[in-house]
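Position 418 of the sequence shown, counting from 1, maps to 418 under my numbering, and the rest follow consecutively.
Just so you know, the hints here were simulated from the structure itself, not pulled from any lab data. By construction, the Cβ of each residue, glycine as well, lies at the ideal position given by its N, Cα and C atoms. Check the hints yourself; a few may be wrong.
[What the hints assert, rightly or not] When the alpha-carbon atoms are kept at most 30 Å apart in a straight line, the in silico DSS-like pairs for lysine-lysine are as follows:
{"#": "1", "residue 1": "141", "residue 2": "309"}
{"#": "2", "residue 1": "201", "residue 2": "335"}
{"#": "3", "residue 1": "423", "residue 2": "335"}
{"#": "4", "residue 1": "158", "residue 2": "309"}
{"#": "5", "residue 1": "141", "residue 2": "201"}
{"#": "6", "residue 1": "63", "residue 2": "98"}
{"#": "7", "residue 1": "130", "residue 2": "158"}
{"#": "8", "residue 1": "130", "residue 2": "87"}
{"#": "9", "residue 1": "238", "residue 2": "139"}
{"#": "10", "residue 1": "238", "residue 2": "141"}
{"#": "11", "residue 1": "116", "residue 2": "158"}
{"#": "12", "residue 1": "135", "residue 2": "238"}
{"#": "13", "residue 1": "87", "residue 2": "238"}
[Said to hold, decoys possible] If you anchor each label on the Cβ, the simulated ranges turn out as follows:
{"#": "14", "residue 1": "58", "residue 2": "405", "range": "53 to 59 Å"}
{"#": "15", "residue 1": "117", "residue 2": "39", "range": "18 to 24 Å"}
{"#": "16", "residue 1": "231", "residue 2": "361", "range": "55 to 61 Å"}
{"#": "17", "residue 1": "8", "residue 2": "113", "range": "41 to 47 Å"}
{"#": "18", "residue 1": "14", "residue 2": "405", "range": "51 to 57 Å"}
{"#": "19", "residue 1": "27", "residue 2": "107", "range": "48 to 54 Å"}
{"#": "20", "residue 1": "353", "residue 2": "152", "range": "40 to 46 Å"}
{"#": "21", "residue 1": "14", "residue 2": "256", "range": "54 to 60 Å"}
{"#": "22", "residue 1": "55", "residue 2": "375", "range": "48 to 54 Å"}
{"#": "23", "residue 1": "405", "residue 2": "427", "range": "30 to 36 Å"}
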Amino acid sequence: QKEHEEHLRVVLETLRQEKLYAKFSKCEFWLQQVTFLGHVITQAVIEVDPSKVAAVQNWSTPKSPSEVRSFLGLANYYRRFIEGFSKIALPLSLLTRKSVKFKWTDRCESSFQELKKRLTSAPLVPTGEKPIGFKWVYKIKTNSDGSIERYKARLVVKGYSQEYGIDYEETFALVAHLTTVRCLLAVAAVHRWSLLQLDVKNAFLHGALSEEVYMTPPPGFLYSGKVFRLRRTLYGLKQAPRAWYATFSSALFQFCFTMSDHDSALFLWRSSSGIIVFLLYVDDTIITGDDVSGIFDLQNYLRQHFEMKSLGRLRYFLGLEIYDSSDGFYLSQAKYASDLLARAGLTDCQTASTPLDYDIRLTPLDGSLLEDPTLYRQLVGSLIYLTVTWPDIAHVVHIVSQFMATPRTTHHSAVLHILRYVKGTLLHGLHFSA
Numbered sequence: 001q002k003e004h005e006e007h008l009r010v011v012l013e014t015l016r017q018e019k020l021y022a023k024f025s026k027c028e029f030w031l032q033q034v035t036f037l038g039h040v041i042t043q044a045v046i047e048v049d050p051s052k053v054a055a056v057q058n059w060s061t062p063k064s065p066s067e068v069r070s071f072l073g074l075a076n077y078y079r080r081f082i083e084g085f086s087k088i089a090l091p092l093s094l095l096t097r098k099s100v101k102f103k104w105t106d107r108c109e110s111s112f113q114e115l116k117k118r119l120t121s122a123p124l125v126p127t128g129e130k131p132i133g134f135k136w137v138y139k140i141k142t143n144s145d146g147s148i149e150r151y152k153a154r155l156v157v158k159g160y161s162q163e164y165g166i167d168y169e170e171t172f173a174l175v176a177h178l179t180t181v182r183c184l185l186a187v188a189a190v191h192r193w194s195l196l197q198l199d200v201k202n203a204f205l206h207g208a209l210s211e212e213v214y215m216t217p218p219p220g221f222l223y224s225g226k227v228f229r230l231r232r233t234l235y236g237l238k239q240a241p242r243a244w245y246a247t248f249s250s251a252l253f254q255f256c257f258t259m260s261d262h263d264s265a266l267f268l269w270r271s272s273s274g275i276i277v278f279l280l281y282v283d284d285t286i287i288t289g290d291d292v293s294g295i296f297d298l299q300n301y302l303r304q305h306f307e308m309k310s311l312g313r314l315r316y317f318l319g320l321e322i323y324d325s326s327d328g329f330y331l332s333q334a335k336y337a338s339d340l341l342a343r344a345g346l347t348d349c350q351t352a353s354t355p356l357d358y359d360i361r362l363t364p365l366d367g368s369l370l371e372d373p374t375l376y377r378q379l380v381g382s383l384i385y386l387t388v389t390w391p392d393i394a395h396v397v398h399i400v401s402q403f404m405a406t407p408r409t410t411h412h413s414a415v416l417h418i419l420r421y422v423k424g425t426l427l428h429g430l431h432f433s434a
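Put together the whole structure using the sequences plus the hints.
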């Protein structure tokens, strides 16, 4: 009430300063709700004016393009309440074109009825907030050998519709450097430590959400006409990775871990009985060290805070295959490289003995421009990641990456030559020995 009185004072003072006059008999103050421009506004929510809902319910089937335009005009005004408005209204929108003969089809009727249904069951939107939509994402998760581990379905919110300063602030999230991963494997090999891996189920759902974010409910839920306020992060939210990192690192700090000075995703725990090293890359983890009992206690501690399971010895991490050898670890990207060759259409290609011919000199002007540089950029980006275990291609990959903006046919040929070299060295990798 005090805030309302302050707003009222400012408005009245502004009217007096500008010498504007309001008729007192037509003024109303301290109202619990206001009907304004087709909306009913309360302190908590904004909803469609019930009189407009009744008009929509009683709207008869359009008989001409002008009647379709009238209906779409009303529907478009309330499109913020309708998820996927443009797609639903498309059959009706096509009828309004001058070059299209008016013909009411089953698709038009379905679109008409769906818009009426959506408008008459529009969600209650909190005042000043805009609910975001969602979509289902289906994915096949594979093992390191390419076999299917499981099928996954995930509800993902459309984070691209979030607005900075309103429903998100910071988005930067720390992840481990791949150099740190290789260093950790080297240290573990020297000390003959075992490498263990934990899997956090639906990691991002554990992240605490400080901003007010609202989501339209998925179809089939019994909460028609309402929106959900998210208390935890969902996949797709811009701040989800950052919130997850903050939540998980806080749990590690409570276990008395300290953060490495060189990598903020590397955590260390020391005691008289030994050391534990914990590496975090989003929701992928590596645990190693010489304190076996401490590692066991850590796993039990983390299970109390998160839904997670032990995957045993580290076998597959970020597309890297890790194999135990008699004196250390062998790091390979054979599966990743095979998938890359298949994408480039070089599965059965002739191999090359060197990453690039010694007499090749690439310049920005040689050859003709590629009509579509998308594949070139994808291949070069994948090759950059492949240098994690193929250091002998690092120099030539650096060269071809200089032409990402305007790649030409000669640059594309050089990339294919690098891939043929990768084909011939498919089983090569890094060996970390004691």
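Hint check results:
{"no.": "1", "hint": "141 / 309", "result": "16 Å, holds"}
{"no.": "2", "hint": "201 / 335", "result": "24 Å, holds"}
{"no.": "3", "hint": "423 / 335", "result": "11 Å, holds"}
{"no.": "4", "hint": "158 / 309", "result": "29 Å, holds"}
{"no.": "5", "hint": "141 / 201", "result": "13 Å, holds"}
{"no.": "6", "hint": "63 / 98", "result": "15 Å, holds"}
{"no.": "7", "hint": "130 / 158", "result": "12 Å, holds"}
{"no.": "8", "hint": "130 / 87", "result": "19 Å, holds"}
{"no.": "9", "hint": "238 / 139", "result": "20 Å, holds"}
{"no.": "10", "hint": "238 / 141", "result": "23 Å, holds"}
{"no.": "11", "hint": "116 / 158", "result": "24 Å, holds"}
{"no.": "12", "hint": "135 / 238", "result": "15 Å, holds"}
{"no.": "13", "hint": "87 / 238", "result": "25 Å, holds"}
{"no.": "14", "hint": "58 / 405: 53 to 59 Å", "result": "58 Å, holds"}
{"no.": "15", "hint": "117 / 39: 18 to 24 Å", "result": "19 Å, holds"}
{"no.": "16", "hint": "231 / 361: 55 to 61 Å", "result": "59 Å, holds"}
{"no.": "17", "hint": "8 / 113: 41 to 47 Å", "result": "44 Å, holds"}
{"no.": "18", "hint": "14 / 405: 51 to 57 Å", "result": "53 Å, holds"}
{"no.": "19", "hint": "27 / 107: 48 to 54 Å", "result": "49 Å, holds"}
{"no.": "20", "hint": "353 / 152: 40 to 46 Å", "result": "41 Å, holds"}
{"no.": "21", "hint": "14 / 256: 54 to 60 Å", "result": "58 Å, holds"}
{"no.": "22", "hint": "55 / 375: 48 to 54 Å", "result": "52 Å, holds"}
{"no.": "23", "hint": "405 / 427: 30 to 36 Å", "result": "34 Å, holds"}
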